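S.K.: Top to bottom, those sequences are chains G and A. Residue numbers for the first sequence follow our numbering, so the first one is 148 and each next one is one higher. Residue numbers for the second sequence follow our numbering, so the first one is -6 and each next one is one higher.
Hints listed in this document are in silico derivations from the structure and should not be mistaken for laboratory results. All values reported here derive from a predicted model rather than from experimental measurement. Yeah, the Cβ is synthetic: ideal placement off N, Cα and C, and Gly gets one too. Accuracy of the hints is not assured; some may be wrong.
[Unchecked claim] No more than 16 Å apart at the CA atoms, straight line, and that leaves these computed lysine to aspartate or glutamate pairs for EDC-like: (1) 34(A) - 156(G); (2) 35(A) - 155(G); (3) 13(A) - 81(A).
[What the hints assert, rightly or not] Among the chain G residues that face chain A by a calculated CB cut under 10 Å, a handful are: (4) 153; (5) 179; (6) 181; (7) 185; (8) 188; (9) 189; (10) 192; (11) 193; (12) 195; (13) 235; (14) 239; (15) 247; (16) 256.
Chain by chain, the residues:
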Amino acid sequence: AQSVAQPEDQVNVAEGNPLTVKCTYSVSGNPYLFWYVQYPNRGLQFLLKYITGDNLVKGSYGFEAEFNKSQTSFHLKKPSALVSDSALYFCAVRDPRGYNKLIFGAGTRLAVHP
Amino acid sequence: GAVVSQHPSRVICKSGTSVKIECRSLDFQATTMFWYRQFPKKSLMLMATSNEGSKATYEQGVEKDKFLINHASLTLSTLTVTSAHPEDSSFYICSARAFGTGGPTYEQYFGPGTRLTVT
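Take these sequences, add in the hints, and give me the full structure.
M.R.: Here's what the structure looks like:
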């Protein structure tokens, strides 16, 4: 079955410290992976994607993610967290079964403290 | 680029009435749009896939007669919640797939969401 797991409900980090939000996936075929961010009462904003190519993908707002095929992971990272990064983060994988649906993880709330 | 709008952003309606939510791709054409429902502090639940010029494909457990979807043009999809009840109160979000010059880009671009409250 196709699935995405975000093992942490919440991640707490101090401003200026590096952050990691974890994501693992299970999908048949080559994975198309995505990260989105959601601010309160808003839709989701696209951060970055991995389709093919370099395992380290750079995205918006200084975020990057590393694709690791052997560990079936696609962790989101940022070298130096900002308070404004506090939001809900979703990892997603394209459902290969049709229509390019996205399968979302449960979401991880990131709290960056001053 | 790749902006998706939703209207209205908030709506309050009485139980038994119908509510229509519009989703528009503003600067690109979207042959496929998606409708999601999000409960508080929960992930997104895909309700249906909306294809321009054809019937929507509903996910298992979603009542197609209750949640009517119409995708009449390449830039507009509508979701109508018919005979709304308090349990239909939720945050509804649409998204659209964009196509780059080389074909589909695969990521979805999301609207800002519509908060529906049924009293």
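S.K.: Would you mind marking each hint as holding or not holding in the structure?
M.R.: Structure-based check of each hint:
For the suggested pair residue 34(A) and residue 156(G), the alpha carbons sit about 10 Å apart, so the restraint of at most 16 Å is met. Distance hint between residue 35(A) and residue 155(G) is fulfilled; the C-alpha atoms sit about 13 Å from each other, no more than 16 Å. Pair hint residue 13(A) plus residue 81(A) holds up; C-alpha atoms about 13 Å apart against a cutoff of 16 Å. Hint status for residue 153(G) relative to chain A: holds, with the closest Cβ pair at about 9 Å, below 10 Å.
Interface hint at residue 179(G): satisfied, since its Cβ lies 5 Å from the closest Cβ of chain A, which is below the 10 Å cut-off. For residue 181(G), the suggested interface contact is upheld, since its CB lies about 6 Å from the closest CB of chain A, less than 10 Å. The interface hint given for residue 185(G) is met, as the beta carbon of that residue sits about 8 Å from the closest beta carbon of chain A, less than 10 Å. Taken as an interface hint, residue 188(G) checks out: its beta carbon lies about 7 Å from the nearest beta carbon of chain A, inside 10 Å.
With 10 Å as the threshold, the beta carbon of residue 189(G) comes within range of chain A, its nearest partner Cβ sitting at about 6 Å, so the hint holds. Interface hint status for residue 192(G): upheld, as the beta-carbon distance to the closest one in chain A is roughly 7 Å, under 10 Å. Of the supplied interface hints, the one on residue 193(G) holds, with its beta-carbon coming within about 5 Å of a beta-carbon of chain A, less than 10 Å. Satisfaction of the interface hint for residue 195(G) is found here, the shortest Cβ-Cβ separation to chain A being roughly 9 Å, below the 10 Å cut-off.
Because the closest C-beta pair between residue 235(G) and chain A is about 8 Å apart, less than 10 Å, the hint holds. Taking 10 Å as the C-beta contact cut-off toward chain A, the hint placing residue 239(G) at the interface holds, the least distance being around 8 Å. Interface hint status for residue 247(G): upheld, as the beta-carbon distance to the closest one in chain A is roughly 6 Å, under 10 Å. Hint on residue 256(G) holds. Least Cβ distance to chain A is approximately 8 Å, under the 10 Å limit.
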